[in-house]
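Required output: the full structure, derived from the provided sequences and hints.
Throughout, this note's numbering is defined as the position within the sequence shown, counted from one, plus 2.
There may be inaccurate statements among the hints.
Calculated lysine-lysine pairs in the BS3-like style (CA-CA distance at most 30 angstroms, straight line) [claimed, not checked]:
(1) 134 / 46
(2) 18 / 134
(3) 46 / 140
(4) 140 / 66
(5) 138 / 46
What the hints contain is simulated information worked out from the structure, not anything from laboratory work.
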Amino acid sequence: MSSAAAAAEEKVEDRKETGTYEAGCHCGYIKFAVTLSPPLSEYKVLECNCSACTHLGYLLVYPKASDIVWHNDSRERCASYRFNTKQKDQMFCPKCGASLGIDFLDVFKDHVYGINARSFYGIDLGALNYRKGDGKNKVLPAQDLSGHIWDEEKQQLT
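Laid out in structure tokens, this is it:
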């Protein structure tokens, strides 16, 4: 085998396997495609017990922003919610309310999203591989916000 052929074969072996998945909200107002490496069948989807993941129904995968294609300006259509440090957008559809994921904005060196696997079309959630996250006890500052109401005038929880 020539050295060029060997180098080409080596590069093919170095490539990571990927899978691309169409996703969106329940009503169809928000649509996008996500490319994951490894593919979803091998990906360890995060199932976290923090208050946000629990209340928003997140089962998260973490693609780079460059691995998401937003259809028809769907990213701009997303409504967002920021809490605690106000450094990332919790994205949801403003029409049907579906939780789509998290835009980490400038939190990390690379622009990364946490996309809710529940937004992927046609997947079997029971067939996914999960890893448990203990955000309830390990992510600081962690606190239970249930039972509190945001006072707009005071700009605090009451």
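Note to self: To test your reading of the hints: which numbers does this structure violate?
What the structure shows: none
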